[in-house]
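In terms of UniProt numbering, the sequence shown opens at residue 1 and continues consecutively.
What the hints contain is simulated information worked out from the structure, not anything from laboratory work.
For every residue, glycine included, the Cβ atom is placed at its ideal position computed from N, Cα and C.
Each hint should be verified, as a subset may be incorrect.
Lysine-lysine pairs mimicking DSS-like chemistry, simulated, CA-CA at most 25 Å apart [claimed, not checked]: (1) 36 to 49; (2) 48 to 116; (3) 138 to 68; (4) 138 to 194; (5) 194 to 48; (6) 84 to 138.
Cβ-Cβ distance ranges computed for the label pairs, FRET-style [unchecked claim]: (7) 80 to 36: 25 to 33 Å; (8) 189 to 117: 34 to 42 Å; (9) 73 to 201: 42 to 50 Å; (10) 74 to 121: 13 to 21 Å; (11) 166 to 201: 17 to 25 Å.
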Amino acid sequence: MLVGWLLVGGLARAQQPLPNRNVNNGSVPAYEGEIKEPTREELDGEFKKRTEQQILRLQEYIQIISDKKQSDENRDKAIKEAIKLFQPGSVVQVSSGKKGSSVISRSVGDYFRRLKALQYPQVEITFYDATYVGDYRKGADGGYYTTATFSQEFKGKDEKGNIMYQDKTTKDVDVSLQNLMDEDFYKQNRWIIKFGNIKVTETKTPGKPIN
């Protein structure tokens, strides 16, 4: 049984617009001339903050994808935009089985499409605890890397709102900061945040203590 993902509690469930990609894509304002290396202060401040914002943006897409009250068109657009947040070839781990004991990996696109196609009449995904973002460290390729950790609760319900499946999951997402061409807005190289693999670190179900 596919375990769902992350969602911020309390967000509106009505037909909501997709997040505006042109507002911010996880990058700092463009520099004139040669792009500068980020300072330690920027890595610990501005870029950690922008990483948290990217996670929130992803959460908005996930809410739309999992919400059966949304139109197919809106949910498909959310899938397309969510995939753009990830590096090519990234995978997402999901828990399955009655106690969440089995973990499998799926491509990012496959994960989102399966999330949309879940057979539960109702899906409720909420977040608890704050997202933790570790310190960025420089890699041999010149990029910067860190890990973000988040916790979520998934509930699959029947038509009457009775819970059919429930779990709480903690996941780690690989995050990279790369000097890339911004094709969406500025049309020039910028320090852009991209997500990599998402790994399950813990799953609790009603078969285990869930609180």
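Going through the numbered hints above, which ones does this structure break? Give me the numbers in ascending order. 2, 3, 9
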